[in-house]
Amino acid sequence: MKIGVYICHCGSNIAGVVDCAGVARWAAELPGVVVARDYRFMCSGPGQELIKEDIRGLGLDRVVVAACTPRMHEPTFQRAVGEGGLNPYYFE
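The sequence shown begins at 112 in my numbering and counts up one residue at a time.
You can trust all of the hints, since none of them are fake.
For lysine to aspartate or glutamate, the following EDC-like pairs were computed, each having C-alpha atoms within a straight-line distance of at most 20 Å:
hint: 1; residue 1: Lys-113; residue 2: Glu-160
hint: 2; residue 1: Lys-113; residue 2: Glu-194
hint: 3; residue 1: Lys-113; residue 2: Asp-165
Since the hints were made in silico from the structure, they are not lab data. None of these values were measured; they are calculated from a predicted model.
Please put together the full structure from these sequences, using the hints given.
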């Protein structure tokens with residue numbers, strides 16, 4: 112399994128209380144994780160491109176995003192994962 116983990120700062124909403132870079136460093140050491148990134152706004156165009164590029168370039172077969180509520184952004188990330196060439200339901 113090749114897992115990509117993406118930690119969103121959500122500007123300062125999340126980053127104001129969570130060490131996003133530290134979480135990414137921790138996640139990078141988990142079994143199966145081949146890439147772990149933190150980014151200011153993962154739901155933005157450039158943030159979604161990071162995910163798509165990693166799916167294609169690293170052959171990811173699972174994607175985990177720690178961000179705002181899934182109610183708000185789950186469709187955004189499912190779309191990005193699908194556009195990257197992965198089944199959108201392999202996103203958590």
